[in-house]
Amino acid sequence: MQLQPRLDKIVAEANMVDIALANAINMASGKTPIPPTLHASDPEVQDVLNGGPLPDDPKQFHDLWEKLSKEDRDLLYSRDHNIGNHPGMNWDQDANGGGKDYYNRLHLDDLQQTNQANLDRLRAAHPDWARGDAPFLLSDEYKDWKAQWDSANQHQSEYSQVRQGLNSPDGLPRLLGLLDDKGHAAIAINNPDTARRTATFVPGTGQDLSRLEFSTSKSQQMLQSALRADPTLKPGDVSVTTWMGYDRPMSVITDAPSTSYAHNGAQALDDFQAGLRASHNDMATGGASINTVIGHSYGSTLVGAAGLDGHTLDANNVVAVGSPGVLAGHASDLSLAPGAHVFATRAQNDIIGIATYATLGADPMSSSFGGIPFEAAPGPAGPLGLPTIDAHSSYWSAGNPALDNMGRIIAGQTNVTPPRFTP
Numbered sequence: 001m002q003l004q005p006r007l008d009k010i011v012a013e014a015n016m017v018d019i020a021l022a023n024a025i026n027m028a029s030g031k032t033p034i035p036p037t038l039h040a041s042d043p044e045v046q047d048v049l050n051g052g053p054l055p056d057d058p059k060q061f062h063d064l065w066e067k068l069s070k071e072d073r074d075l076l077y078s079r080d081h082n083i084g085n086h087p088g089m090n091w092d093q094d095a096n097g098g099g100k101d102y103y104n105r106l107h108l109d110d111l112q113q114t115n116q117a118n119l120d121r122l123r124a125a126h127p128d129w130a131r132g133d134a135p136f137l138l139s140d141e142y143k144d145w146k147a148q149w150d151s152a153n154q155h156q157s158e159y160s161q162v163r164q165g166l167n168s169p170d171g172l173p174r175l176l177g178l179l180d181d182k183g184h185a186a187i188a189i190n191n192p193d194t195a196r197r198t199a200t201f202v203p204g205t206g207q208d209l210s211r212l213e214f215s216t217s218k219s220q221q222m223l224q225s226a227l228r229a230d231p232t233l234k235p236g237d238v239s240v241t242t243w244m245g246y247d248r249p250m251s252v253i254t255d256a257p258s259t260s261y262a263h264n265g266a267q268a269l270d271d272f273q274a275g276l277r278a279s280h281n282d283m284a285t286g287g288a289s290i291n292t293v294i295g296h297s298y299g300s301t302l303v304g305a306a307g308l309d310g311h312t313l314d315a316n317n318v319v320a321v322g323s324p325g326v327l328a329g330h331a332s333d334l335s336l337a338p339g340a341h342v343f344a345t346r347a348q349n350d351i352i353g354i355a356t357y358a359t360l361g362a363d364p365m366s367s368s369f370g371g372i373p374f375e376a377a378p379g380p381a382g383p384l385g386l387p388t389i390d391a392h393s394s395y396w397s398a399g400n401p402a403l404d405n406m407g408r409i410i411a412g413q414t415n416v417t418p419p420r421f422t423p
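Counted the way full-length UniProt numbering counts, the sequence shown spans residues 1 to 423.
Don't take each hint at face value.
Restricting the straight-line Cα-Cα distance to at most 20 Å, the calculated cross-link-like pairs of lysine to any residue (SDA-like) are [to be verified]: (1) K59 - T194; (2) K234 - M283; (3) K234 - A268; (4) K59 - K234; (5) K234 - G171; (6) K234 - P169; (7) K182 - L119; (8) K67 - D80; (9) K234 - Q148; (10) K59 - L76; (11) K59 - A288; (12) K143 - S160; (13) K143 - R131; (14) K146 - A130; (15) K59 - A268; (16) K182 - S157; (17) K67 - L49; (18) K67 - V45; (19) K143 - L119; (20) K182 - N118; (21) K70 - L106; (22) K182 - A268; (23) K146 - L106; (24) K234 - D282; (25) K67 - Q113; (26) K234 - D247; (27) K146 - D128; (28) K182 - A152; (29) K59 - D208; (30) K146 - Q116; (31) K70 - H81; (32) K182 - Q148; (33) K182 - A130; (34) K146 - D170; (35) K70 - V45; (36) K182 - Y142; (37) K234 - D208; (38) K146 - P169; (39) K67 - E44.
Keep in mind that the hints were calculated from the coordinates and are not lab data.
Given these sequences and hints, build the entire structure.
Dropping the structure here:
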């Protein structure tokens, strides 16, 4: 008996969203004139509403976004479904309407529906091929169809992983801070705008969105480790975002030795970090947050690139975990927030130790690099004591000193335990 009123409310809210978006689409297409607004005396806002460009600078964008009404924001979303990816937008709802999470969830719905329609079209065109009954002679038509079929299935798997990543098994909110149709996404645990300690986790080689759950689980473990490190922190005081906003190298052999993936993704990470600063509610938290960026494997190379060659990474702490190099010869080469610390750790049995890529910079664990190394468990060894891939992913295992140390760093502490072995 109590279920029907809830269902009625959900349906009513959905209808209101549909009506608002329909009105916004009609205004965007010119079918309905844009009504006079409270912004008539603000040329910058009026220019944007009339189709002008949005500010690239995250702080300028944030200031503009704060002036917009819900209807204004819906209008901009109707023009560009990627609007929620813009650095500087508030993450959660505010007094004027939706933020990153709201618009990116709408976009996720749209992407899944569009992709499912594409799968249905391909299946209807060749139901036998869709069942796996390939023709004896692989024609060009089949090869083209198969490429589209595989791509659509990959997208569907990725979108499903993103939706699964928004579940809250621990009761803490998940917010979708980035999403597109190119394999990029970012999911935050807790709201970065209202957190006192904010961390960004950057995965490395081979981590596409179909493996998102393995990265978000690491973020969850780091958040809990930070809370253990400082019992005065409340659960909402810490936010950890899994950021997959760059094209990751997918092959250890052919892709990972290249610097191009890091250089090409550096600006996106810079902008994301600048956006965290721009949208953070300093008044609510008593000041600026302590921001930490943690890169695992090639993710640390991307983090390094974001602090080199004219880039400045606005982070108080940088952590290189199982790193093949951060493209720098010395920690001081990295352009970071004033007074920032550069940390590094590597398991004794991590295979990355013998897969050092000369093109990716100095070893962040070496004494000559000038960073702050910290302890990690040795990790599982292979036959004859050889290093393993398992050790490369062992840093987040329960009881690993590396996880404890990462928690301390995220919590704003520098008293990490030193490593027990010298690389």
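Verification of the hints:
1. Taking the CA atoms of K59 and T194, the gap is near 17 Å; set against the 20 Å cutoff, the hint holds.
2. Taking the CA atoms of K234 and M283, the gap is near 17 Å; set against the 20 Å cutoff, the hint holds.
3. For the suggested pair K234 and A268, the alpha carbons sit about 30 Å apart, so the restraint of at most 20 Å is broken.
4. Note on K59 and K234: the hinted pairing is violated, with a Cα-Cα distance of about 28 Å set against a maximum of 20 Å.
5. About 14 Å separates the Cα atoms of K234 and G171, which keeps this hinted pair within 20 Å; it holds.
6. Restraint check for K234 and P169: the C-alpha separation of about 18 Å stays at or below 20 Å, so the hint holds.
7. Taking the CA atoms of K182 and L119, the gap is about 17 Å. The hint holds against a cut of 20 Å.
8. A threshold of 20 Å between alpha carbons decides the hint, and for K67 with D80 the separation of about 19 Å falls inside it, so the pair holds.
9. With a CA separation close to 47 Å, the supplied pair K234 and Q148 exceeds the 20 Å bound.
10. Annotation: proposed proximity of K59 to L76 holds, straight-line Cα distance about 18 Å (limit 20 Å).
11. Between K59 and A288 the alpha-carbon distance is near 14 Å, which keeps this suggested pair within the 20 Å criterion.
12. A C-alpha spacing of about 26 Å is found between K143 and S160, which places the hinted pair above 20 Å, so the restraint is violated.
13. A C-alpha spacing of about 15 Å is found between K143 and R131, which places the hinted pair at or below 20 Å, so the restraint holds.
14. Distance restraint check for K146 and A130: the Cα-Cα separation of roughly 9 Å lies within the 20 Å cut-off, and the hinted pair is therefore satisfied.
15. Between K59 and A268, the direct Cα distance comes to roughly 15 Å. Compliance with the 20 Å bound is thereby established for this hinted pair.
16. Restraint check for K182 and S157: satisfied, since their Cα atoms lie roughly 13 Å apart, inside the 20 Å limit.
17. Straight-line distance between C-alpha atoms of K67 and L49 comes to about 12 Å, which keeps the hinted pair within the 20 Å bound.
18. As the CA atoms of K67 and V45 are separated by approximately 8 Å, the hinted pair is consistent with the 20 Å bound.
19. A hinted pair counts as satisfied when its Cα atoms are at most 20 Å apart, and K143 with L119 qualifies at roughly 16 Å.
20. A C-alpha spacing of about 16 Å is found between K182 and N118, which places the hinted pair at or below 20 Å, so the restraint holds.
21. Taking the CA atoms of K70 and L106, the gap is near 14 Å; set against the 20 Å cutoff, the hint holds.
22. A C-alpha spacing of about 14 Å is found between K182 and A268, which places the hinted pair at or below 20 Å, so the restraint holds.
23. A C-alpha spacing of about 29 Å is found between K146 and L106, which places the hinted pair above 20 Å, so the restraint is violated.
24. Distance check on the hinted pair: K234 and D282 sit about 17 Å apart at the alpha-carbon level, within 20 Å; holds.
25. Only pairs whose Cα atoms come within 20 Å are accepted, and K67 paired with Q113 is rejected, the gap being roughly 32 Å.
26. With a C-alpha separation of about 34 Å, the suggested pairing of K234 with D247 is violated against the 20 Å cut-off.
27. Restraint check for K146 and D128: satisfied, since their Cα atoms lie roughly 12 Å apart, inside the 20 Å limit.
28. Annotation: proposed proximity of K182 to A152 holds, straight-line Cα distance about 12 Å (limit 20 Å).
29. This hinted pair does not check out: K59 and D208 have alpha carbons roughly 30 Å apart, beyond 20 Å.
30. About 16 Å separates the Cα atoms of K146 and Q116, which keeps this hinted pair within 20 Å; it holds.
31. At most 20 Å may separate the alpha-carbon atoms for a hinted pair to count; K70 and H81 meet this at roughly 15 Å.
32. Distance hint between K182 and Q148 is fulfilled; the C-alpha atoms sit about 15 Å from each other, no more than 20 Å.
33. Note on K182 and A130: the hinted pairing is violated, with a Cα-Cα distance of about 24 Å set against a maximum of 20 Å.
34. Restraint check: the Cα-Cα separation between K146 and D170 comes to about 40 Å, which exceeds 20 Å; the hinted pair is violated.
35. Distance restraint check for K70 and V45: the Cα-Cα separation of roughly 14 Å lies within the 20 Å cut-off, and the hinted pair is therefore satisfied.
36. Distance check on the hinted pair: K182 and Y142 sit about 24 Å apart at the alpha-carbon level, beyond 20 Å; violated.
37. For the hint pairing K234 with D208, the CA-to-CA distance comes to about 32 Å; that exceeds 20 Å, so the pair is violated.
38. Restraint check: the Cα-Cα separation between K146 and P169 comes to about 37 Å, which exceeds 20 Å; the hinted pair is violated.
39. For a cut-off of 20 Å, the pair hint linking K67 to E44 stands: about 10 Å separates their Cα positions.
Of the numbered hints given earlier, the model fails hints 3, 4, 9, 12, 23, 25, 26, 29, 33, 34, 36, 37 and 38; all others are met.
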